[in-house]
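S.K.: Please model the complete structure; the sequences and the hints are all you need to start from.
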Amino acid sequence: MSATPPVNALDAPVASSNVSDLVSQPYRYGFVTDIETEKIAKGLSEEVVRLISAKKKEPQFLLDFRLRAFRQWQRMAEPDWAALGYPPIDYQDIVYYAAPKQEQKKASLDEVDPKLLETFDKLGIPLSEQKRLSNVAVDAVFDSVSIATTYKEQLAEHGVIFCSFSEAVEEHPELIERYLGSVVPIADNYFAALNSAVFSDGSFVFIPKGVTCPMDLSTYFRINSGDTGQFERTLIVAEEGASVSYLEGCTAPMFDTNQLHAAVVELVALDDASIKYSTVQNWYAGDENGKGGIYNFVTKRGICKGARSHISWTQVETGSAITWKYPSCVLAGADSVGEFYSVALTNNCQQADTGTKMVHVGPRSRSTIVSKGISAGRSANSYRGLVQMGAKAIGARNYSQCDSMLIGDQAAANTYPYIRSQQPQATVEHEASTCRISEDQLFYLQSRGIAFEEAVSMMVSGFCRDVFNQLPLEFAAEADKLLALKLEGSVG
Amino acid sequence: MSESPVLLEITDLRASVADQEILCGVNLTVRAGEIHAVMGRNGSGKSTLSKVIAGHPSYTITGGSVRFRGQDIDELAPEERSRAGVFLGFQYPVEIPGVSNLEFLRVSTNARRQAQDLEELDTFSFEEHLQQRLELVQMDPSFLERSLNEGFSGGEKKRNEILQMALLEPVVAILDETDSGLDIDALRIVAEGVNHLAGPDNATLLITHYQRLLDAITPQFVHVMAHGRILRTGGPELALELERRGYDWVDAEAGISSRSPEVMA
Amino acid sequence: MSSAVLERQSWLDGLRASHGLGAAELTLPPSRQEDWRFTDLAPLLQLDPRGLKPCGSASSAAWPEPLADVVRLQLGADGLSFCLAPGSQPLPDDAVLTGVEPGQASGLPCRLHASVPGPQLQLALAANARLRLELWLQPEAAQALLAPRLRFLLADNAELELALRISSSASSLCLPWIEAELATGANLVEGQWLQGDEGAVLMAGSSIRQQPGSSYSRTAVVQGWALARQEPQLLQSAGGAETCLRDLAVLNGTAIADLHSLVRFDGPDGRLDQLQKALVDGRSHSIFNGTVQVPRAAQGTDAAQLSRHLLLSEQAWVDTKPELEIVADDVRCSHGATVSSLADEELFYLRSRGIDRPAATELLRRGFCLEVLNQLPPLAAGWHPWQGSSAR
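Protein chains in written order, with the numbering used here: chain A, 190 to 681; chain C, 5 to 269; chain U, 200 to 591.
Treat the hints with care, since some could be wrong.
Here are the in silico distance ranges between beta carbons for each label pair [stated by the list, open to error]:
hint	chain 1	residue 1	chain 2	residue 2	range
1	A	480	U	495	17 to 25 Å
2	A	655	C	61	28 to 36 Å
3	A	279	U	239	35 to 43 Å
4	U	247	A	268	21 to 29 Å
5	U	209	A	279	56 to 64 Å
6	A	268	U	316	39 to 47 Å
7	C	187	A	655	41 to 49 Å
8	A	366	U	225	49 to 57 Å
9	A	279	U	230	27 to 35 Å
10	U	259	C	61	46 to 54 Å
11	A	637	C	220	42 to 50 Å
Footprint (simulated), chain U over chain C, 3 or more residues, beta carbon under 8 Å [said to hold, decoys possible]:
hint	segment
12	57-63
13	76-88
14	102-114
No lab work stands behind these hints: they were computed from the structure.
All C-beta atoms in this analysis are idealised placements derived from N, C-alpha and C, irrespective of residue type, glycine included.
M.R.: Given below as structure tokens:
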């Protein structure tokens, strides 16, 4: 062993290729389930919209909703303001309805095609009674339809409704009619209009007055089919004093074509209600040259309708070729609270344009935004956010913190915060900074015996700590693992 | 000494911030020529007491009274209290960029002088007036040219507070944790300033949770606060006892189990 | 075509008819264009394009004498040239008073500027040369069209202190355009005092290019105007330079002030320190869009940008958007933005020292402004009303 350490150890540049290697690692959920599927023909027309509605035996109001949305969509143009580049999407080259062939939604899990159960087993989401997660109720969605929902009966004892969207339409049409489109109107944006016309399935959650949901609820979305778009719809309503924590996970097989995913999520929180919505998004991101992957154009919005209501979005975005997503809060109620905690990791040729909107309407409403962007490879990672203080938002406050971490000198990190204030008694504070994993920090950790890749992973994980702390326990571990996974690999 | 006039009389004072009661019946009488120390743990209500006396708008008096020289001051704006001779030395003096320290000192000094029926000082006579007081806190005149407290170190901020006290010549000075964050030298300078300014016609209320300030400034009375009330009052020896034994025994003797506010209800 | 489009078209036709210069392709940006989404062009359209005319300088009798080492220029009698003000030093030999090519920027201020006539000055400072230059541009008549074009070429280690004062008359259109090229070691310190009548419109632009080792500092104050749009653009063409931008807008009435700045680093180790402030009262509207671009070549960049708005009225509003676009990984870039009213804790501190609420408020407003005003270069330092009360 040399007696003198190399003098330039601190100055030695970290071979950034090493760090880059770390973030390139194979996608674990890229398998395809070989199952007989019922698909309709490619293309979108009024007939297709009617066909989807007919297949689902929907009531008239829903068909009308879809048709209004479809006509609206035809008049709209795809948005081009995001910092994203992709070839034009051919909306006639997409299948708008695909379902694994089975007669009806099964009364019991025993009747579900074992291949499907096996698929969810492989994804780490066992559904069968013996193996299912002990404290999380799961709605499993495969392509366009919900396969199974666990713990339904137990939840019903508390008055909690947790089921697939299609079931909710059958069993609680009055709730659907009242709340569907009440947060994200059909004309809100191009992708929301498209979703409103062709949405297939998703989850519905209703927590009645005064009830604290006894367990976390979760929906797991799986795209299986290669040419199918996924257009799910989620609606969560928390009545006065109710509270719920909801988790969403997503994966898709590896195809060398792009699949479109255009979901809409609506949250409604009445007086004193609280909704915590967490997402770990790990759609297939395409290969290292940017071939394949999911186009993720999602509209998520919650309204804090009631006084003192609380909506919190936490997202860990690691997948998709393109992410276009701004989970938002309309803070209408007095003293309502909106939160947005986000980690977005992009690598290779991934593009993400994500952030949030906090629209303060009610007096003394408060919002917090914490966004952590990690850009590696040749990816582009943009934070885009809006904080708006309306004329009546007296005493409202917002604090935003947007940090970017760059890995390698070919990735882009952009920050576009829009701030509009019309209320002098409101306070908005925004801070953004950029950092990288410094050689000094890495050297320090390595000199204490920590391996290079573990050191990098520790630092990224530390960078994201403020967001991971917001995740429910089960998900926090998963998210940490996911990032570590993305950072795993051989040291060059 | 008990013959000297009462300057500050606090009677069964209750105060809350954001609907939470922080002061739950404080009683305290301060006479001319006295130095009092209020001690207690963090969160005992010491700082709240000082802010309520100075009239901070976030705190609401929900019961009892604060009388300054016989007059109830609840209705007085913070500036009116200051002009009348109430001074609060802040624990965390705010930084105000762009506002010149010198101009600020002159404006506030003149506001107080006006209330005292003294002649206002113009720029030149004010600088003379300021000079000797600068020496008292050993402050470099270059601080006058800077923005108010901006970029000042902890010690510099506290010395600036004592400088303001020297200029405003308060009747009752409340020094909120003036010793926190000070090194030995700064602590000595601050203490010397306070001792120098203390006289037979005014009074000082030191709010602290360490003994070390009291080594340099000797109070006649030491009060221990907990759970929004003064639980015990004694002489300087009480501070030494607290230093030795901590605060729990005071709670115990007062029949309050430590750290459990429910018992108080 | 919608009536709004027609109105824009006829306004441009009027401008062309009266001033006859090319710019056939000149259009006014549609309101959905990102750069103009928040900015209302109505005050521009309210000016009479046919009535606008260049005009000479207001009387300079009341102006203070220029200092002994200062060149002071004012508007010539026709409003289309500069001339030396009384008591001024002569211009250096190599100053050229005409023949400046129009700038190459694509923004509306530049295009508008290029389509009308105006006084021009090109000034080259030789290596190590030093100059203090004042420009007092105060048109004498209403409805003035003022489009001064200034170009400064600073050779190695040259130093220029520039104080530009524009005081517009009623219903005027002011289109100042400044270009500068700074060689290694060159230093340009610029102070702008831009004061407008409440019906007047300012469309100001600048294009500054810095070589490594140069230093540029701009402090600009906008007050009044129906609409004041500024588009300062700065390029550190090989990085390694120092840039300091300070902006203040003091807004009241229905004024609209809009600052769109762009700073780009095309090489390593550049520095930027930017502070934008606005005091927004009455029914006014303040807009800030500050873009900082740090491409791959700009390793080692250290850029800080801060936007601070003091919003003082229920009828006023603010749109602010600091933008960072970064590719290089070894950089220190930060930005921040705040919008709020006066801080309660600051007010309480002052009041607890006997200063009443109105006086404390005034002190805080002034303090807010002085943070920028104090940065005005010596030649312009006397232009703000609170020069005696400055804190450093």
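S.K.: Decide, hint by hint, whether the structure agrees.
M.R.: Cross-check of the supplied hints:
| no. | hint | result |
| --- | --- | --- |
| 1 | A:480 <-> U:495: 17 to 25 Å | holds (24 Å) |
| 2 | A:655 <-> C:61: 28 to 36 Å | holds (32 Å) |
| 3 | A:279 <-> U:239: 35 to 43 Å | holds (39 Å) |
| 4 | U:247 <-> A:268: 21 to 29 Å | violated (39 Å) |
| 5 | U:209 <-> A:279: 56 to 64 Å | violated (42 Å) |
| 6 | A:268 <-> U:316: 39 to 47 Å | holds (42 Å) |
| 7 | C:187 <-> A:655: 41 to 49 Å | violated (33 Å) |
| 8 | A:366 <-> U:225: 49 to 57 Å | holds (53 Å) |
| 9 | A:279 <-> U:230: 27 to 35 Å | holds (32 Å) |
| 10 | U:259 <-> C:61: 46 to 54 Å | holds (51 Å) |
| 11 | A:637 <-> C:220: 42 to 50 Å | holds (44 Å) |
| 12 | 57-63 | holds (count 5) |
| 13 | 76-88 | holds (count 6) |
| 14 | 102-114 | holds (count 9) |
Consistency with the previously given hints fails for numbers 4, 5, 7, ordered from lowest to highest.
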